[in-house]
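Peer 1: Sequence:
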Amino acid sequence: MKILVYCKYFNFKNPLDKPKIETFAVNLPQIPRVGETIVVERISPQKQFVIIFEYIVTAVQFNASRELADSVDAQVNAFLNHCWEGTSNFKVTNFLEK
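Reading the sequence shown from the start, the letters are residues 3 to 100 in my numbering.
Honestly, the hints are just simulated from the structure, not real lab data.
Careful: at least some of the hints might be erroneous.
[Said to hold, decoys possible] Lysine to any residue pairs mimicking SDA-like chemistry, simulated, CA-CA at most 25 Å apart:
1. Lys15 <-> Val74
2. Lys15 <-> Val36
3. Lys10 <-> Asn29
4. Lys10 <-> Pro21
5. Lys4 <-> Val74
6. Lys4 <-> Asn83
7. Lys10 <-> Glu38
8. Lys20 <-> Val74
9. Lys22 <-> Leu6
Since we're looking at a predicted model, the values are computed, not measured.
Generate the whole structure from the sequences, applying the supplied hints.
Peer 2: What follows is the structure, encoded as structure tokens:
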């Protein structure tokens, strides 16, 4: 299922800065529920390592219209809980239970 994720996050170095909003699509085996964790892997711009992001789902909106072929199955709001660097090239496309 194609899920659109909206994530608001703050600059950890300067928390008084205006928060940034990130939007991205991810394919998951099922629509996550509020409180569940989505884990997303991205390759760094230098492509020397992967960065793994952990998002906690705070709201879920199901899409009532499936008229467009490229439409998403649901939209979720999430917040960035944790991120870390890795050296493996495994692909995380799943979400973890809380």
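Peer 1: A separate judgement is required for each hint: does it hold in the structure or not?
Peer 2: For each hint, the structure was consulted:
1. Lys15 <-> Val74: violated (34 Å)
2. Lys15 <-> Val36: With a Cα-Cα distance of about 28 Å, the restraint between Lys15 and Val36 is violated, given a limit of 25 Å.
3. Lys10 <-> Asn29: It holds: about 20 Å lies between the C-alpha atoms, which stays within 25 Å.
4. Lys10 <-> Pro21: holds (6 Å)
5. Lys4 <-> Val74: holds (5 Å)
6. Lys4 <-> Asn83: holds (21 Å)
7. Lys10 <-> Glu38: holds (17 Å)
8. Lys20 <-> Val74: violated (28 Å)
9. Lys22 <-> Leu6: holds (17 Å)
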